[in-house]
Structures are given as structure tokens and as C-alpha cells.
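Given the coordinates of chain A, assemble chain B onto it according to the supplied hints.
Read top to bottom, the protein sequences are chains A and B.
For what it's worth, the numbering used here labels the leading residue of the first sequence as 1, then goes sequentially.
For what it's worth, the numbering used here labels the leading residue of the second sequence as 1, then goes sequentially.
Hints listed in this document are in silico derivations from the structure and should not be mistaken for laboratory results.
Hints may contain errors.
In silico lysine-lysine, DSS-like type, Cα no more than 30 Å apart, as pairs [claimed, not checked]:
#: 1; chain 1: A; residue 1: K320; chain 2: B; residue 2: K245
#: 2; chain 1: A; residue 1: K320; chain 2: B; residue 2: K320
#: 3; chain 1: B; residue 1: K171; chain 2: B; residue 2: K210
#: 4; chain 1: A; residue 1: K337; chain 2: B; residue 2: K314
#: 5; chain 1: A; residue 1: K171; chain 2: B; residue 2: K153
#: 6; chain 1: B; residue 1: K119; chain 2: A; residue 2: K320
#: 7; chain 1: A; residue 1: K179; chain 2: B; residue 2: K174
#: 8; chain 1: A; residue 1: K153; chain 2: B; residue 2: K99
#: 9; chain 1: A; residue 1: K99; chain 2: B; residue 2: K319
#: 10; chain 1: A; residue 1: K319; chain 2: B; residue 2: K57
#: 11; chain 1: B; residue 1: K148; chain 2: A; residue 2: K99
#: 12; chain 1: A; residue 1: K63; chain 2: B; residue 2: K153
#: 13; chain 1: A; residue 1: K319; chain 2: B; residue 2: K171
#: 14; chain 1: B; residue 1: K314; chain 2: A; residue 2: K153
#: 15; chain 1: B; residue 1: K153; chain 2: A; residue 2: K319
#: 16; chain 1: B; residue 1: K57; chain 2: A; residue 2: K314
#: 17; chain 1: A; residue 1: K304; chain 2: B; residue 2: K337
#: 18; chain 1: A; residue 1: K337; chain 2: B; residue 2: K39
#: 19; chain 1: A; residue 1: K99; chain 2: B; residue 2: K119
#: 20; chain 1: B; residue 1: K337; chain 2: A; residue 2: K314
#: 21; chain 1: B; residue 1: K63; chain 2: A; residue 2: K320
#: 22; chain 1: A; residue 1: K337; chain 2: B; residue 2: K57
#: 23; chain 1: B; residue 1: K119; chain 2: B; residue 2: K39
#: 24; chain 1: A; residue 1: K320; chain 2: B; residue 2: K337
#: 25; chain 1: B; residue 1: K174; chain 2: A; residue 2: K314
#: 26; chain 1: A; residue 1: K63; chain 2: B; residue 2: K57
#: 27; chain 1: B; residue 1: K255; chain 2: A; residue 2: K99
There are 2 protein chains.
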Amino acid sequence: MRKIALASITALAFISSSAVANDLVKKATDANLKPIPSKIEELNKLIDPKGEITPAKLELGKKLYFDPRLSKSNLISCNTCHNLALGGADTVSAAIGHKWTANPHHLNSPTVYNAVFNKAQFWDGRSPHLADQAQGPIQAGPEMAAPKELVEKRVNSIPAYVEEFQAAYGKDVKVTFEKIADTIALFEHTLVTPSRYDEFLEGKADALTKEEQDGLSLFIDKGCVSCHNDIAVGGSMQPFQVVNKYKFADVGDFKGDANGMVRTPTLRNIAETAPYFHNGQVWTLEEAVKTMGSVQLGIDINDKEAASIATFLKALTGKKPEVVYPVLPASTYDTPKPDAM
Amino acid sequence: MRKIALASITALAFISSSAVANDLVKKATDANLKPIPSKIEELNKLIDPKGEITPAKLELGKKLYFDPRLSKSNLISCNTCHNLALGGADTVSAAIGHKWTANPHHLNSPTVYNAVFNKAQFWDGRSPHLADQAQGPIQAGPEMAAPKELVEKRVNSIPAYVEEFQAAYGKDVKVTFEKIADTIALFEHTLVTPSRYDEFLEGKADALTKEEQDGLSLFIDKGCVSCHNDIAVGGSMQPFQVVNKYKFADVGDFKGDANGMVRTPTLRNIAETAPYFHNGQVWTLEEAVKTMGSVQLGIDINDKEAASIATFLKALTGKKPEVVYPVLPASTYDTPKPDAM
Chain A
1 MRKIALASIT ALAFISSSAV ANDLVKKATD ANLKPIPSKI EELNKLIDPK GEITPAKLEL
61 GKKLYFDPRL SKSNLISCNT CHNLALGGAD TVSAAIGHKW TANPHHLNSP TVYNAVFNKA
121 QFWDGRSPHL ADQAQGPIQA GPEMAAPKEL VEKRVNSIPA YVEEFQAAYG KDVKVTFEKI
181 ADTIALFEHT LVTPSRYDEF LEGKADALTK EEQDGLSLFI DKGCVSCHND IAVGGSMQPF
241 QVVNKYKFAD VGDFKGDANG MVRTPTLRNI AETAPYFHNG QVWTLEEAVK TMGSVQLGID
301 INDKEAASIA TFLKALTGKK PEVVYPVLPA STYDTPKPDA M
Chain B
1 MRKIALASIT ALAFISSSAV ANDLVKKATD ANLKPIPSKI EELNKLIDPK GEITPAKLEL
61 GKKLYFDPRL SKSNLISCNT CHNLALGGAD TVSAAIGHKW TANPHHLNSP TVYNAVFNKA
121 QFWDGRSPHL ADQAQGPIQA GPEMAAPKEL VEKRVNSIPA YVEEFQAAYG KDVKVTFEKI
181 ADTIALFEHT LVTPSRYDEF LEGKADALTK EEQDGLSLFI DKGCVSCHND IAVGGSMQPF
241 QVVNKYKFAD VGDFKGDANG MVRTPTLRNI AETAPYFHNG QVWTLEEAVK TMGSVQLGID
301 INDKEAASIA TFLKALTGKK PEVVYPVLPA STYDTPKPDA M
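Bound-form chain A, shown alone (with noise of 0.2 Å):
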């Protein structure tokens, strides 16, 4: 009898917990925070919506993501700033690209994780997908510096990469610097990390721990999820300092778009990629949830409610795609040179 009895009492206890996860997970649904979906077919209609990636593009895309000849000194790749190994970022405040410089408006590196799902590109959003954005970074002076010309002769020079693209899209293919931009965009499409966070979104109740819903819960109803929605947990653009200052506000001269708009971060992998915020300025978890309470919210967030949605963004940390490094075609002796110093 007694045993029977506290199977029942574990057994209520389970149904109990797990009614009180499919209730969290429409409070979340209802704030608009969705699943990176587990279903293939549904995930390739968000990161390949008209259906043109293909083995031979991802490889050459990849290829091209980890080249550091796109830049003009040789030196920087796409993912020197956005390492893969890394939470898809490069850990220091602001990014630093040719010739040792800094970002002019001291800018920090967004994770390339999952940047598919944000609605606009770089931290202004001045850009609408990854393809255009790819354009940006390899020509800007202070980055890979590398102008179009350039880029698209040292491709061209190389006649194994010339194969790839034609065996990617036909004979005919011109390597323009668009169609290098476009296939680096498509490699970078595939870089999602579905996390525990998902399944839980999708119905497996003990995905999280009760802990890992606590701060879910808090961060719906602190109010966190107002801009941090959406697959990105963030990824839209949002009005920055609504109620108060930012402490490191005059760090770099960056204040948004023309109309003080800010791209918000995706949280994926937030635990991976501090420094934190558009100049980096803020190190741990706790002080970022505090500092968004009241910059952008006008709420206190004391330490607790601050840890408890840590323990949350924790669990954002996702499974990053297997990715083997590749091994590169050589330069050729056409192959316009290295300009690093």
C-alpha cells in the first residue's frame, strides 16, 4: 500500500511539474520566443527558403569563410572575428582587423551563430542578410581591407577554386565578388545551434532544469523578452536607452541608426561570447541583465533575479554544426600577393 502510495505522489509530482512546464512554454510561445525547429524540413524553409544550398556550395562556402586571402594583407578570414571555436565571435571589446585597428566606433564582433535568424545585419541593421553583410567586412579598411577587385582576382587566380564554383553553379559562373560574398552567406545560413532551450520550447518539460525556468519565467515577465523575441532570442531592430543612459555610453561614437535604432544581439551562446554590448564594455551576465533592466527597461533587477536569468541565458549555449577545417587550394604564382605591411 505504501509504496503504491508515493509512486502515485512522485507520479502527481512529475504531472504536476510538467503541467507547470507546458505552462511556460505558452507564456513563452505568447511572448513570440520560438524554437529553432527540430524538424529538418521546417528549419530549411527558415535558413534556405529558396532551396540553393547544396554540399558542393556549403564546401566552398566554408572554404571561403575560413580563407584568409580575402583580405588584402592574407592574414584575416571571416572567421577571425566571428571564430567558430569561439561562440562565433572573438572575445575582445572591439573588433581588430588590418593592420591591428580597431573598430572606428569601437564595435564589438556579433556572433555569426545563428545570424541567419536576425531580421537586420550589423549593429545599425544597415543591412538586410548575410550576403550583403559578408560584402562589408572584406572591404572596410579597418577590417580585411580588401577591395572587390582584389578579392575577385585572387579567387580567379586560383584555378581549383574556379572548379568549385562552376561545380557549385555551372560552367558558365562569373567568380564575382557578389557570387563570393553570396556563397560565404550561404555556409554562414547552416551555423545554428540548436540548445536544450529548444527542445524544452518544443515540449520536452525536463529539457530545462527547474532552475533553467525559473529565469526563463523572469525574463518573460521582467520584460527582457520585449526586444530579446523571436528565434534570435533578439535579432530585431530596437530603440536603444529608453529610459536611461548606458554607463559606457561615450565608449566609441556608436548611436545607432538614423533614427537611434540598435540591432538587438541574438542571447544564443550568450554565455560564450562576452564581452558584452555594441562597444564590449561589460563582462559578466549579471551585470548585463542589470544594465538592461535599466537602460532600456527602467526596472531594478537585484542580484538574484539577475543570476536567475543567467542561469537561463546559459542555457542558450547551443550544439555548434561539426565543421571540418579546410584544407584550402594554393595560391598560384598569378595570384595577386599579400600587401600586410
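Just chain B now, with coordinates in the frame of chain A:
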């Protein structure tokens, strides 16, 4: 009858070309050229003589090799200058390190591939092996610029790293700078690249084309093999500028070791690792071959001969081991911050 006769002639031709190849293998062996052994036991004796390498150490060594947090700035890893995607080197004349400092002696980054077969490390051969070598660039001001203590603090501040060291070396392991360098070196020991040349030396007569065999034969006849021999096709200390002065000798102040000796570079993957020589001033194999003929051997190697030897050298491009790009454990709040500026 006629068919049989033709078949006999073909067979004869085959035997004959095979016999030529056999003679060339003997000639190469007599000249102390040696293959990377295809038998795994033989290879292991060379790259892991103490039987130290385990999957856990290898994975950890790979992570450390790719981790830019071993540099002061968090921006430069071993792989920055010894890029496994680019023949194990960096494509620029002189290595560029911390704060974009060029190597003060204008020295070119040697390839890490097959470095385990070198009899000494660094251009002046001052280091006996890779475990010792790996300590140098991490600390050197113009390279990764990280004091030992900083590297130890960074790695020890990341529990996932400490756990990996414990899994690799046992619970009582002390994660010292030396242990970190040792582990990187073990990974580097596995970066060997067998090629068709090795198959040829092991008796597969058609592994090299007729043209490549002719180039190899000429490589031996001209005397290149007097410095470029053994498994690395180089890798030992040799006198430099034996007969004539190197045209670019004044670029940088490198003059070799105390006795004017220079560590001969491996010629494996040489087609992938331009520019050439200690100060990276020559960009084509043919010019490099002719220069060495004049400077080291006091002979005139004509264009046709240089082209033939270059054809052989291209056959030294080997198969690279597959490397899955690591996902590195994230920094913690205790991890010393990057000093990038």
C-alpha cells in the same frame, strides 16, 4: 601472332619503365631520401617514440593549437602563422604577430606539417624539438606576446580545460605552461602528410609520373639532396651561402646560428608554402631552385632543369590529416581578459 607480339612489347615497356623506377628508388635511397612510412607501426615509432599520444591528449592539443587565448590579445593562435588550411604556413614574407608586428629578423613562418621530422626547430635550429619550440612563439613579444603565467592563468581559469588535462594526464596533473606546450607538440607530431612521392619510394613505380621521376633524378644529380634529404627532404642544419651570396641576404638581419648554419626547410608541401627562404623573398619554385643552385651549389641550373625539379617538388604535396575545427571551452569570469590594445 601480331596481338601477342604487341602485348609482349607493352609488357616489356612496362617492365622497362618499372626497372627505371626501381633504379631511381635505389638512387634516392642511396642519397638518403626516405619515405613517410605507410605502415602505421613504423610511422608511430617516428612520431610517437615514447608512446605518449592518446586521443584525449590529441584532442586537447588540437584545441590549444587553435586557441587564440594563448596570446596576450586573444587574437593569435599557433594556427594564425602555421595555418593548417594553407600548407601549415601563412603566405606572407615575414610573420606578423602581436599588434601587427613583423618578425624583427624578417623571418618567414616555417610550415608545421612534417615539422616532427625536422632535426632542429626554428631557422637557426636553436630548439631541439616541437615541445620546446612551441614555448617560443607564445611568449615572444612580436608573436603571441603572452607571458607563461598569463597562459597558465587563462587555461586554469577554464574548468573544462582543466578537466581535459586531467582526463589526458591523470587527476593530479598540474596545468603548467610546459605541459600546455607539450600537449600542443603532441598534436603537431601527428601533422604528417604522406604523398605520391612516398608511395614511389616504397616501391609503387607508377606513383610518380615520368616527368616527376625525371625531376627527382635531376634533384639528386644536381646535389639538392645534399641538404634536402631524409624524411623531411630537409630539416637539418646546413651551412648557408656556401658559394655565392643570396640576392636578398640584406632583407632582415638573420645570419644563421653562431656558426652561420641554417635549418634547411622541409620541401614537403613546398608548392603550397610560398614565399620561400628564411626571409620570404622568392615567390616561385623555379627561382628558388635556381637561387639555391647558385648560392649553395655554385652551379647554373637552367630554366628547363629548374622546371623539371619544380615538377618533382609539386609531387611532394601530401594528404593532410582531417582536422575537425574545435569548439573551445568558453572563458569564465575568472579568465584574465585580453589585452589587445
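Results for each hint:
1. For the suggested pair K320 of chain A and K245 of chain B, the alpha carbons sit about 53 Å apart, so the restraint of at most 30 Å is broken.
2. Of the supplied pair hints, the one linking K320 of chain A and K320 of chain B holds, its CA atoms being roughly 24 Å apart against a limit of 30 Å.
3. Of the supplied pair hints, the one linking K171 of chain B and K210 of chain B is violated, its CA atoms being roughly 56 Å apart against a limit of 30 Å.
4. Distance restraint check for K337 of chain A and K314 of chain B: the Cα-Cα separation of roughly 20 Å lies within the 30 Å cut-off, and the hinted pair is therefore satisfied.
5. With a CA separation close to 53 Å, the supplied pair K171 of chain A and K153 of chain B exceeds the 30 Å bound.
6. About 39 Å separates the Cα atoms of K119 of chain B and K320 of chain A, which puts this hinted pair outside 30 Å; it is violated.
7. The hinted pair formed by K179 of chain A and K174 of chain B fails the criterion: a straight-line CA distance of about 50 Å is larger than 30 Å.
8. A threshold of 30 Å between alpha carbons decides the hint, and for K153 of chain A with K99 of chain B the separation of about 28 Å falls inside it, so the pair holds.
9. With a CA separation close to 33 Å, the supplied pair K99 of chain A and K319 of chain B exceeds the 30 Å bound.
10. About 23 Å separates the Cα atoms of K319 of chain A and K57 of chain B, which keeps this hinted pair within 30 Å; it holds.
11. As the CA atoms of K148 of chain B and K99 of chain A are separated by approximately 26 Å, the hinted pair is consistent with the 30 Å bound.
12. About 34 Å separates the Cα atoms of K63 of chain A and K153 of chain B, which puts this hinted pair outside 30 Å; it is violated.
13. Restraint check: the Cα-Cα separation between K319 of chain A and K171 of chain B comes to about 28 Å, which is no more than 30 Å; the hinted pair holds.
14. Our distance criterion of 30 Å between C-alpha atoms is met by K314 of chain B and K153 of chain A, whose separation comes to about 23 Å.
15. Straight-line distance between C-alpha atoms of K153 of chain B and K319 of chain A comes to about 27 Å, which keeps the hinted pair within the 30 Å bound.
16. Simply put, K57 of chain B and K314 of chain A have alpha-carbon atoms about 28 Å apart, close enough for the 30 Å limit, and the pair holds.
17. For a cut-off of 30 Å, the pair hint linking K304 of chain A to K337 of chain B stands: about 25 Å separates their Cα positions.
18. Between the alpha carbons of K337 of chain A and K39 of chain B the distance comes to roughly 39 Å, so the proposed pair goes past 30 Å and is violated.
19. A hinted pair counts as satisfied when its Cα atoms are at most 30 Å apart, and K99 of chain A with K119 of chain B does not qualify at roughly 35 Å.
20. Taking the CA atoms of K337 of chain B and K314 of chain A, the gap is about 20 Å. The hint holds against a cut of 30 Å.
21. For the proposed pair K63 of chain B and K320 of chain A, the alpha carbon gap of about 15 Å is at most 30 Å, so the pair holds.
22. For the hint pairing K337 of chain A with K57 of chain B, the CA-to-CA distance comes to about 37 Å; that exceeds 30 Å, so the pair is violated.
23. This hinted pair checks out: K119 of chain B and K39 of chain B have alpha carbons roughly 22 Å apart, not beyond 30 Å.
24. Distance restraint check for K320 of chain A and K337 of chain B: the Cα-Cα separation of roughly 24 Å lies within the 30 Å cut-off, and the hinted pair is therefore satisfied.
25. Annotation: proposed proximity of K174 of chain B to K314 of chain A holds, straight-line Cα distance about 29 Å (limit 30 Å).
26. Taking the CA atoms of K63 of chain A and K57 of chain B, the gap is near 27 Å; set against the 30 Å cutoff, the hint holds.
27. A C-alpha spacing of about 28 Å is found between K255 of chain B and K99 of chain A, which places the hinted pair at or below 30 Å, so the restraint holds.
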